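Which chain is which? The protein sequence lines are B and R, in order. Residues 1 to 113 (this note's numbering) are what the first sequence spells out, left to right. Residues 1001 to 1111 (this note's numbering) are what the second sequence spells out, left to right.
Misleading hints may appear alongside valid ones.
Mimicking DSSO-like on lysine-lysine, the simulated pairs with C-alpha atoms at most 27 Å apart in a straight line are [what the hints assert, rightly or not]: (1) 1002(R) - 1056(R); (2) 13(B) - 1042(R); (3) 57(B) - 1056(R).
Covered, in the sense of this in silico footprint (three residues per stretch, anywhere, with C-beta under 8 Å from a C-beta of chain B), are these stretches of chain R [what the hints assert, rightly or not]: (4) 1032 to 1044; (5) 1098 to 1105.
Just a sample of chain R residues kept apart from chain B, beta carbon distances all over 10 Å, derived [unchecked claim]: (6) 1028; (7) 1029; (8) 1049; (9) 1057; (10) 1064; (11) 1070; (12) 1078; (13) 1081; (14) 1083; (15) 1084; (16) 1090.
Think of the hints as simulated: they come from the structure by calculation, not from any bench. Since this is a predicted model, take the numbers as computed values, not measurements. Backbone N, C-alpha and C define an ideal beta-carbon position, used for all residues, glycine too.
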Amino acid sequence: KAGVTQTPRYLIKTRGQQVTLSCSPISGHRSVSWYQQTPGQGLQFLFEYFSETQRNKGNFPGRFSGRQFSNSRSEMNVSTLELGDSALYLCASSLGTGLNEQFFGPGTRLTVL
Amino acid sequence: QKEVEQNSGPLSVPEGAIASLNCTYSDRGSQSFFWYRQYSGKSPELIMSIYSNGDKEDGRFTAQLNKASQYVSLLIRDSQPSDSATYLCAVNIYNTDKLIFGTGTRLQVFP
Chain B
1 KAGVTQTPRY
11 LIKTRGQQVT
21 LSCSPISGHR
31 SVSWYQQTPG
41 QGLQFLFEYF
51 SETQRNKGNF
61 PGRFSGRQFS
71 NSRSEMNVST
81 LELGDSALYL
91 CASSLGTGLN
101 EQFFGPGTRL
111 TVL
Chain R
1001 QKEVEQNSGP
1011 LSVPEGAIAS
1021 LNCTYSDRGS
1031 QSFFWYRQYS
1041 GKSPELIMSI
1051 YSNGDKEDGR
1061 FTAQLNKASQ
1071 YVSLLIRDSQ
1081 PSDSATYLCA
1091 VNIYNTDKLI
1101 FGTGTRLQVF
1111 P
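Here chain B stands alone, though its shape is the one from the complex:
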């Protein structure tokens, strides 16, 4: 089975721009969760989508949003980028029935200049 894929792997943007990141889960997995990883804060939960619905949300501003499509693929959008948004953005997929193991993709490294 193919693993979780994320595109693009690297992005460089400037302050004020917006960015869209994409995640394709493992086949058969219906839940996609997004995390932000920075050296200072570690891994922080952004949100989780299941069957095209946002099921859980972390403590991030409204500039961070996401969506999930009927094929379970998910996108994450960050608008009005700030320098502090520079981070590794990770998505993880699971079966989505609760208590499930989550498997991470390789991540997208976002640098905001």
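Once you have looked at the hints, place chain R on chain B.
Using the frame of chain B, we list chain R on its own:
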């Protein structure tokens, strides 16, 4: 109090020794617990999951869970230099797919 706490390390052990990594959590409603390994520049890789009190063994890895003490640990037997990485403890909030991560413990295994 942080929801999931780990000692940041580094924890240095000689090759062949047992490495013991510890994690405490604050939410008594937590139902599932995971250990991830993360090499520098890579994404987290799931190595163990545990749901019930007691020990769970998988090869050289043993996860231990004590819900009464809100404590979960990972033992790595016969540690190898290739085990040198950051180990992340993650706790699943009841009936959700939201994982709360600790900040990780950096393990160094020296020859």
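Each hint, compared with the structure:
1. At most 27 Å may separate the alpha-carbon atoms for a hinted pair to count; residue 1002(R) and residue 1056(R) meet this at roughly 26 Å.
2. For the suggested pair residue 13(B) and residue 1042(R), the alpha carbons sit about 21 Å apart, so the restraint of at most 27 Å is met.
3. Between residue 57(B) and residue 1056(R) the alpha-carbon distance is near 31 Å, which puts this suggested pair outside the 27 Å criterion.
4. With 6 residues carrying a beta carbon less than 8 Å from a beta carbon of chain B, the stretch 1032 to 1044 of chain R meets the three-residue requirement, and the given coverage holds.
5. Counting residues of the stretch 1098 to 1105 of chain R whose beta-carbon sits less than 8 Å from any beta-carbon of chain B gives 7, enough to reach three: the coverage restraint holds.
6. Residue-level check passed: residue 1028(R) sits 16 Å from the nearest beta carbon of chain B, beyond 10 Å.
7. With a least CB separation of 12 Å from chain B, residue 1029(R) remains clear of the 10 Å interface cut-off, as annotated.
8. With a least CB separation of 5 Å from chain B, residue 1049(R) falls inside the 10 Å interface cut-off, contrary to its annotation.
9. With a minimum CB-CB distance of about 17 Å to chain B, residue 1057(R) clears the 10 Å threshold, and the non-interface call stands.
10. Non-interface call for residue 1064(R) relative to chain B: holds, since the shortest CB-CB distance, roughly 18 Å, exceeds 10 Å.
11. Non-interface status of residue 1070(R) relative to chain B is upheld: no Cβ of that chain comes within 10 Å, the nearest being about 17 Å off.
12. Distance to chain B confirms residue 1078(R) as a non-interface residue, since its nearest Cβ pair spans about 25 Å, more than 10 Å.
13. Every CB of chain B is more than 10 Å from the CB of residue 1081(R) (nearest about 23 Å), matching its label as outside the interface.
14. For residue 1083(R), the requirement that its beta carbon stay farther than 10 Å from each beta carbon of chain B is met, with the minimum near 19 Å.
15. No beta-carbon of chain B is positioned within 10 Å of the beta-carbon of residue 1084(R); the least distance is around 18 Å.
16. A beta-carbon of chain B is positioned within 10 Å of the beta-carbon of residue 1090(R); the least distance is around 8 Å.
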